[in-house]
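Colleague: One letter stands for each residue in the lines below.
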Amino acid sequence: MDIATIIGVFCGFTCIIAAIVGGGCAAMFIHIPSILVVVGGMLSATLIHFSLGQVLKIIPVVKKTLFCKLPTQPQLVQDMVNYSAVSRRDGALALEQNIADIDDPFLLKAMRMVVDGQEEEAIETALDAEIRYLQERHQNGKKILEFMGAAAPAFGMIGTLIGLVTMLQNLSDPSGIGQGMAVALITTFYGAFLANLVFIPLAGKLGIRSKQETLTREMVVQGAIGIAKGEGPTVVRERLQAFISAKNREDFKPSMGGQQSQAA
Amino acid sequence: MDIATIIGVFCGFTCIIAAIVGGGCAAMFIHIPSILVVVGGMLSATLIHFSLGQVLKIIPVVKKTLFCKLPTQPQLVQDMVNYSAVSRRDGALALEQNIADIDDPFLLKAMRMVVDGQEEEAIETALDAEIRYLQERHQNGKKILEFMGAAAPAFGMIGTLIGLVTMLQNLSDPSGIGQGMAVALITTFYGAFLANLVFIPLAGKLGIRSKQETLTREMVVQGAIGIAKGEGPTVVRERLQAFISAKNREDFKPSMGGQQSQAA
Amino acid sequence: MDIATIIGVFCGFTCIIAAIVGGGCAAMFIHIPSILVVVGGMLSATLIHFSLGQVLKIIPVVKKTLFCKLPTQPQLVQDMVNYSAVSRRDGALALEQNIADIDDPFLLKAMRMVVDGQEEEAIETALDAEIRYLQERHQNGKKILEFMGAAAPAFGMIGTLIGLVTMLQNLSDPSGIGQGMAVALITTFYGAFLANLVFIPLAGKLGIRSKQETLTREMVVQGAIGIAKGEGPTVVRERLQAFISAKNREDFKPSMGGQQSQAA
Amino acid sequence: MDIATIIGVFCGFTCIIAAIVGGGCAAMFIHIPSILVVVGGMLSATLIHFSLGQVLKIIPVVKKTLFCKLPTQPQLVQDMVNYSAVSRRDGALALEQNIADIDDPFLLKAMRMVVDGQEEEAIETALDAEIRYLQERHQNGKKILEFMGAAAPAFGMIGTLIGLVTMLQNLSDPSGIGQGMAVALITTFYGAFLANLVFIPLAGKLGIRSKQETLTREMVVQGAIGIAKGEGPTVVRERLQAFISAKNREDFKPSMGGQQSQAA
Amino acid sequence: MDIATIIGVFCGFTCIIAAIVGGGCAAMFIHIPSILVVVGGMLSATLIHFSLGQVLKIIPVVKKTLFCKLPTQPQLVQDMVNYSAVSRRDGALALEQNIADIDDPFLLKAMRMVVDGQEEEAIETALDAEIRYLQERHQNGKKILEFMGAAAPAFGMIGTLIGLVTMLQNLSDPSGIGQGMAVALITTFYGAFLANLVFIPLAGKLGIRSKQETLTREMVVQGAIGIAKGEGPTVVRERLQAFISAKNREDFKPSMGGQQSQAA
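Residue numbers (our numbering), protein chains in the order written: chain F, 881 to 1144; chain A, 881 to 1144; chain D, 881 to 1144; chain Y, 881 to 1144; chain R, 881 to 1144.
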């Protein structure tokens, strides 16, 4: 799981819960009917807006975004360089046993195509289509999360309006006014909380992860093409390092000089 | 009818109605003058904004979006492949009896043009114009629904202001204050409800349906062109499968391997 | 006058007035100082924002948008076809008496250029410049109306703030509180009413009318060019029908089949 | 000074002041600490956002926008035509005494370059760079004014929050509540007033003036190039009239027919 | 440190603090739990939205933006001209001792490449990559600050909702109502303050600084290329002055005439 997300979720919930508990009425903040109005309304609007297929795909997309580890870029470069060395020395078929330990399904598929002796163009076409499809799923997930981030406060407001109208009917009992307004405001709180600590940031993370994953996938494609063409390890390394930004390159090639990192 | 829309509308209304009934004053929430202000004001603004023709077309467009079933893509591919086989074997005229059972009017029109022996270019020109016109109608419907989604809360606020000013005139009777404010807030509730559970999600669904329908229509066009050109079933299948995304392709061609579906 | 606008304005005002009268304090809602703040402030901001020339031109532009009747497209096609037949048979000069009854000044100008025997390129250049200038005026009017639609609620809020501050000074007289707040809220009501029922929808209508008028004008240009070139009625009809969308074409050429209208 | 701006500022201030005075507590509305929070906060945010150079340049830019008179376009055409006639007849040097009375510094510079016998390309390069730089300053000024228009209401709200928190501390003295809330709301009033009657409309005017000034400057450039090339008055007039829109052209060439002005 | 930022921060804080102290309850405005909710919530949302690497990089980027002095453009032109003169006269190696006093790491790197005798293309490629990477970091920092500027008021509202709900539970003790609402509003104040005086203006400054720094860096690149090519001081000066806008050029070349500065 992405470390920043873990820290963010943990700290965010801690801050909000501490503020609630510090106020002394924590029990008040768990109000099932209010949760139903906000979450139910939001999900309903999402289902009306999108198709069922799109909405159901959002869960695996978010889960993979948060929990799947991408191979780090330097590691990936090293792996591809190793594969190219093996392939150069012993032929593509010799990669068979190397790819046995690959976890990442995309990398596995790419290397299998190399081992199967497919042509570069076939590899590029097949993998590029997969990348485009991946981006589409991410884009789709981002749009749904952003819609949820807009719908949650709206249904929070709808819930508060229902609560206020109900409360205003019963003004004859003054002791109930405070209680009624408190309950009415809870839905607005839920809506603001869900939107600002869950949906909007998650949509952002999905966008950032999509860029990273696309980059990593494109490195795999370039590496696989290089190996399929029979390029040597040096050429493959050069091919892949064009993808890595100056700063990261330095991180694992410290020989290139240090003044670069000071120019911010 | 689109299954997600059914679920969404049902759940959304259930959540909101449950919250209202749970508050104990459900009767209060049906207030005819308030409905008139919000719905009447919104429709009036829509009529001033758009032309009468555009506004009247919105109802069939939305109805078709929700209730017309599109042929599923794999089914469509299969149908076109069958037609091309028949046409290859027995000539285009032999399709006459096949197209008798076609429900979809667009597919019917396309196949009739093929049976009539029209040239590929004529078929493409005529059907592309139809697709462009279809998109224009969808685009138009989406804009109107989005305008309604913005106008509904605005007229909700206008209604609430009228209610508040009226109520503030009669402060001498304190027992009426709560009642007056409750009535005033009802219009804001109507506006928020209509916008967030009806117009905004419907506009979104129309956009998504428009993309799907355009894609399906383009597959029909490509298929019809292929059959008119006298292409065999295999070529037609290839032509059409370029339109179907990787994931869906797998769903009905499970032989292509499973690792693809894991790369999210 | 555009029929949708008439219905919209009539219904909108009826709904709002009914809601006000139903509340029982209709007199309250006509408050001259509040009208002055909202309308005066909005007009002042508009004058500071735009130049005097632009603001003064908005009235004729809106008036023409609402009250000038455009020739309907089928009628226009028929007229141009007739003119081309006359011109083909008796020469361009014979059109002199036909154009005597033309109401539309743009069509009149175009036909006069044809009668005067001007060349196609001169006709196209002169009329295209006129169309561009027409679009610019519409664009300009739309921008001003949209600015007014944003300024009206802002000055409504300013008026409410003035009213609230004034009212809060005199809290010692409790009977005046309700009255004071009611007066304060009136400006917000005016601002919301003007923006949502007048300026924003009018700006939209202007945009839609601009598209329609541009299309009609372009049909006139194409027709005039055709006649000036000496094209026959059939060619001119074809030239112009390319501008009319599939649906409309059907409406006056019902022989083309009915399945088209079902494909929504 | 632009006449619309004078009218707008005068009417706007009159409306607001009349509303304030009509309420009977005008003195209340001048509250120095509130002015400091809103204006000071807004200026501080502007200084943090932009560089000092950019912020200081805003005053001369706005002053020139409001007070510098541009030569009217027909006048400019006439002047350039006269200069070209003189230059044609007596040589460029003869323009020396004509340009003595030129007020507009840009026109003066352009004509000096002509008198100095510089080549057309040098004139075009130098003056185009000046125009680009002028647009950049206008663009810059517009952005700052728009930022101020967004910052003023924000600091109005911050001031109101400070006032409310302070007031809520002293609820024990009920007579101070109204006074406290009134003071708190004053900053929101200042923010809304400054944004909607000053900054947002001024930013708009700057944009419109920028377009006009660019057009006028480009006419000067074209005129100067024409004169430097030795073109006769007729050619220069034609060159410049291409810049003037159809309507304006009519205004001083009424011979071209009147039906144009009716086609709105 | 950028002088405008110093003035802005100083004045902004002074205005706000003066307003708070003037209200007489300054102690109230420092409320640790409220600070925790707003700042903690905002940082958590930022961590969920962006990756850890991006968020950590924001601090050095902002620090450099505010505190690193860029060489002024005229100074930079002069330096590059001097280096080119030395290089012309004594060869590139003679620059070795000149570059010893260079503070700016980017300029230092560029001149070292020149001294090392690298080719122009290699210099351009390496430095352009560095500039692109610099822009990416700035862009990234700007996005994070803008997100923080949107998240701070949102968490301010969440804190206020928590405070209100808590306060409304305890309406039985009327003396606590004012205190409770005051505490509840503090978080909204923090959010508005942080967004409008810190994050939004800082994001703007970062954008403006990014443009300036990119321009300065590009001047260094052009200068280094010129020196590497062996161009003389005059050519190098011309190369670099193309980057400096008309107004600035005048500031240190007053001989070019004064009327330019009046044409605003």
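Hints may contain errors.
[Stated by the list, open to error] In the PhoX-like style, the derived pairs of lysine-lysine whose C-alpha atoms are separated by at most 20 Å in a straight line are:
hint, chain 1, residue 1, chain 2, residue 2
1, R, K943, Y, K1023
2, Y, K1023, D, K1023
3, F, K937, A, K1091
4, R, K943, R, K1091
5, F, K1091, F, K949
6, F, K943, F, K1091
7, F, K944, F, K1091
8, Y, K1023, R, K937
9, F, K1023, R, K1023
10, F, K943, F, K1023
11, R, K937, F, K1091
12, A, K944, A, K1109
13, A, K943, A, K1023
14, A, K937, A, K1023
15, D, K1091, A, K937
16, D, K1023, A, K1023
17, Y, K937, R, K1091
18, D, K937, Y, K937
19, F, K1091, R, K1023
20, F, K1023, F, K1109
21, F, K1023, A, K1091
Hints listed in this document are in silico derivations from the structure and should not be mistaken for laboratory results.
Colleague: All hints, please: hold or fail.
Modeller: Each hint tested on the structure:
no., hint, verdict
1, K943/R / K1023/Y, "violated, 25 Å"
2, K1023/Y / K1023/D, "holds, 19 Å"
3, K937/F / K1091/A, "holds, 18 Å"
4, K943/R / K1091/R, "holds, 17 Å"
5, K1091/F / K949/F, "holds, 14 Å"
6, K943/F / K1091/F, "holds, 17 Å"
7, K944/F / K1091/F, "holds, 14 Å"
8, K1023/Y / K937/R, "violated, 28 Å"
9, K1023/F / K1023/R, "holds, 19 Å"
10, K943/F / K1023/F, "holds, 16 Å"
11, K937/R / K1091/F, "holds, 18 Å"
12, K944/A / K1109/A, "violated, 32 Å"
13, K943/A / K1023/A, "holds, 16 Å"
14, K937/A / K1023/A, "holds, 12 Å"
15, K1091/D / K937/A, "holds, 18 Å"
16, K1023/D / K1023/A, "holds, 19 Å"
17, K937/Y / K1091/R, "holds, 18 Å"
18, K937/D / K937/Y, "violated, 33 Å"
19, K1091/F / K1023/R, "holds, 15 Å"
20, K1023/F / K1109/F, "violated, 39 Å"
21, K1023/F / K1091/A, "holds, 15 Å"
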